[in-house]
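Chemist: Sequence:
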Amino acid sequence: MTTSGTLTSSNLLSDSDLTLNTAALERRKILITGCSSGIGYYCAKQLHNDGHIVVASCRKSEDVERLINEGLHCVQLDLDNSGSIVEGIRDTLTITNGELDVLINNGAYGQPGAVEDLSREVLEKQFSSNVFGTHELSIKLMKTLLASSCPRLIQISSVLGLVALRYRGAYVASKYALEGLTDTLRLELADTKVKVSLIEPGPITSNFRKNAQAAFFANIDMNRSRHVDSYKRAVKRFDSDKPQPFTLSEEAVYKKIVHAIYAKRPKPRYYVTKPAYLFAVLRRLLSTAWLDKILLKISDGEDKRFD
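Just so we're aligned: the sequence shown equals residues 0 to 306 in numbering that gives the first Met the number 0.
Please note that the accuracy of each hint is not assured.
[To be verified] Using 30 Å as the maximum straight-line C-alpha spacing, the simulated DSS-like pairs for lysine-lysine come out as follows:
#	residue 1	residue 2
1	Lys192	Lys209
2	Lys192	Lys44
3	Lys296	Lys44
4	Lys124	Lys263
5	Lys124	Lys235
6	Lys44	Lys209
7	Lys263	Lys209
8	Lys142	Lys254
The set of hints was computed from the structure by calculation and includes no laboratory data. From a predicted model like this one, the values you see are computed outputs, not experimental measurements.
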């Protein structure tokens with residue numbers, strides 16, 4: 000077991016649906032990607048406070064410096080760059096003495112825009128960050144995970160890995176791909192100790208909207224698109240501080256991650272927020288045509304909120 004002491008944080012014992020294994024209070028060595036803000040930042044801080052040896056990773060050097068100044072272990076790791084991935088792994092394993100129990104693949108961003116307005120280059124960039132980089136990091140760390148006595152691979156997906164919505168095609172495609180890779184990996188690792196879980200959040204408090212806005216303006220020519228009117232309403236959404244319906248805090252994701260780390264039999268999928276639970280059920284019960292009607296109504300409702 001790659002441990003260096005025992006945890007004292009009582010919150011790990013307070014979750015009634017958590018089935019703890021016999022080593023439940025032992026520290027884990029954890030790498031989390033995408034920790035500059037949002038889910039990654041919150042979970043890195045909380046897991047660190049719980050007593051784990053946590054290595055956070057960020058793409059930008061200034062974010063790495065900020066997190067180090069806050070008392071976290073942090074390495075620079077850009078999922079778009081193979082060299083950066085190799086260096087990030089090297090720096091991580093230096094901190095953890097060559098061991099790793101848990102890899103949490105959280106790093107991702109959302110590229111808004113109608114599918115017909117996405118260039119090949121823009122779609123490739125979305126997949127580079129959200130799929131290819133995550134995949135490369137995972138396979139390069141697989142031998143290290145296999146050497147752990149309690150290995151976990153946790154993929155942060157999305158409700159948009161379950162269903163599609165208009166103007167999220169690039170992000171939806173990347174999360175569908177991540178889900179497919181993860182489902183396959185779970186089968187291929189069934190003869191090992193590595194437990195693989197997907198976390199599928201709906202709307203969560205984060206900088207996701209702000210980052211999506213930057214990607215939209217950088218890569219979509221709004222005024223030349225037949226979707227210009229919808230895009231104008233989308234810009235209003237980007238600028239609004241109004242949370243989406245059913246938005247939860249990052250803590251909701253953190254609680255699922257804790258379960259995935261400690262449960263003797265972690266779930267293959269963890270749904271976070273009411274929309275995630277709802278669409279997980281609806282996509283099994285409804286025909287594609289009926290599900291499309293509901294998804295179109297949701298998109299229309301988003302537009303009307305900002306007319």
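Chemist: Output the indices of the hints that this structure fails to meet, ascending.
Modeler: 1, 3, 4 and 7
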